Amino acid sequence: MSDLYGQLLSKTLFPAFEAARGRPTVPLLRYLAETQMWSPGQLRELQTGLLRRLLRHAYRHTTYYRRVMDERGLRAEDIMSPADLAKLPLLDRPTLRATMIDRTANAPPTAVIRKVTSGSSGQPVEVLYNAESRHWRDAIRMRGYGWGGYQLGNRTLHYWGFVPMSTTTWWKRSKVIVDRLFKRDLFIDCTPRGEEALMHVVEQIREFKPQSIIAYASGAGALARFVNDRGLRDWDNIPVLTGAEGLLPHDRVEIDKAFGAAFDTYGCREVMLMASECEAHDGLHTSMENMIV
Numbered sequence: 481m482s483d484l485y486g487q488l489l490s491k492t493l494f495p496a497f498e499a500a501r502g503r504p505t506v507p508l509l510r511y512l513a514e515t516q517m518w519s520p521g522q523l524r525e526l527q528t529g530l531l532r533r534l535l536r537h538a539y540r541h542t543t544y545y546r547r548v549m550d551e552r553g554l555r556a557e558d559i560m561s562p563a564d565l566a567k568l569p570l571l572d573r574p575t576l577r578a579t580m581i582d583r584t585a586n587a588p589p590t591a592v593i594r595k596v597t598s599g600s601s602g603q604p605v606e607v608l609y610n611a612e613s614r615h616w617r618d619a620i621r622m623r624g625y626g627w628g629g630y631q632l633g634n635r636t637l638h639y640w641g642f643v644p645m646s647t648t649t650w651w652k653r654s655k656v657i658v659d660r661l662f663k664r665d666l667f668i669d670c671t672p673r674g675e676e677a678l679m680h681v682v683e684q685i686r687e688f689k690p691q692s693i694i695a696y697a698s699g700a701g702a703l704a705r706f707v708n709d710r711g712l713r714d715w716d717n718i719p720v721l722t723g724a725e726g727l728l729p730h731d732r733v734e735i736d737k738a739f740g741a742a743f744d745t746y747g748c749r750e751v752m753l754m755a756s757e758c759e760a761h762d763g764l765h766t767s768m769e770n771m772i773v
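Our numbering applies: residue 481 is where the sequence shown begins, and numbers increase by one.
Where hints are given, some of them may not hold.
To be verified - Under the rule of at most 25 Å between Cα atoms (straight-line distance), these lysine-lysine pairs were calculated in the DSS-like manner:
hint	residue 1	residue 2
1	Lys737	Lys689
2	Lys663	Lys689
3	Lys491	Lys663
4	Lys663	Lys652
5	Lys491	Lys737
6	Lys689	Lys655
7	Lys595	Lys655
8	Lys689	Lys491
9	Lys595	Lys491
10	Lys652	Lys595
To be verified - Cβ pair distances, simulated, as ranges:
hint	residue 1	residue 2	range
11	Glu675	Glu606	39 to 49 Å
12	Leu712	Met580	14 to 24 Å
13	Ala566	Asp709	48 to 58 Å
14	Arg552	Ser654	44 to 54 Å
15	Glu675	Ala611	39 to 49 Å
16	Thr649	Asp550	26 to 36 Å
Note that these hints are calculated values from the structure, not bench results.
Here the structure is a predicted model, which is why all the values come from computation and not from measurement.
Cβ coordinates follow ideal geometry from the N, Cα and C atoms, glycine included.
Using the sequences and the hints given, assemble the complete structure.
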């Protein structure tokens, strides 16, 4: 339940701020609130139409997909379901690197964001995004976290991997600090897991009184065991949204006892949030409106 500031932020300040920046995040959230009630058949039909549109754009504006589709005699109209993606070749890592320019559209919308994968395979890959993709990613994340009890404006503890802000410019650091204060986000590095570090997190929870926690799955599990083993819990239920790693059954049990219900999520750096758990705790819902899994 959001307090007065949370209500003000989610219903007035944030919509006004996003509109002033020309971002369609709030309309996308309204749209997603409708489509999440659609049947699987309706969502697959939506996916098929969007996939055809994407392939038309790729054929017209990228040399790579024009060549690939011509070699297979494939047209966008041949796509009758998401399963027809199998008619296209898999985009393996070497091809991904070698065809960056050929796969980049020569017409708007242009790429404005560059990200690099974590390199867990030993070979990081650069990925380009346009602004529309960023807006979709933000809206999908907010909806998915919402299924786990998160609301914009909640005091939220992010027990996550830590990237030193000293590596960025003064202007970017200032923007990050203001954004976190505005949204009431507290970030704590989950890497140190000694007794002193974990006790510090407990003290921050008592002082900050988070209304939701977003955490690395293993970090949340370690913190929960620390709380349970020492009988430190003196707070009401706090929903915990886990990610970055698989949520192991024994960690879920510890989190449920130390904080409240745990909600698993799945994502990756390339596309961010892909699937989220709701209060039914019966698997994860994939984000079918903007990706095919």
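To see whether the hints hold, each was checked on the structure:
1. Lys737 to Lys689: holds (17 Å)
2. Lys663 to Lys689: Within the cut-off at roughly 14 Å; holds.
3. Lys491 to Lys663: Within the cut-off at roughly 13 Å; holds.
4. Lys663 to Lys652: Within the cut-off at roughly 16 Å; holds.
5. Lys491 to Lys737: violated (32 Å)
6. Lys689 to Lys655: holds (24 Å)
7. Lys595 to Lys655: holds (19 Å)
8. Lys689 to Lys491: holds (22 Å)
9. Lys595 to Lys491: Distance of about 31 Å is beyond 25 Å: violated.
10. Lys652 to Lys595: Between Lys652 and Lys595 the Cα gap is close to 16 Å, so the pair holds against 25 Å.
11. Glu675 to Glu606: 39 to 49 Å: Distance hint for Glu675, Glu606 holds at roughly 40 Å.
12. Leu712 to Met580: 14 to 24 Å: Check failed, 50 Å falls outside 14 to 24 Å.
13. Ala566 to Asp709: 48 to 58 Å: holds (50 Å)
14. Arg552 to Ser654: 44 to 54 Å: Distance hint for Arg552, Ser654 holds at roughly 50 Å.
15. Glu675 to Ala611: 39 to 49 Å: For Ala611 against Glu675, whose Cβ atoms are near 45 Å apart, the range 39 to 49 Å holds.
16. Thr649 to Asp550: 26 to 36 Å: For Asp550 against Thr649, whose Cβ atoms are near 45 Å apart, the range 26 to 36 Å is violated.
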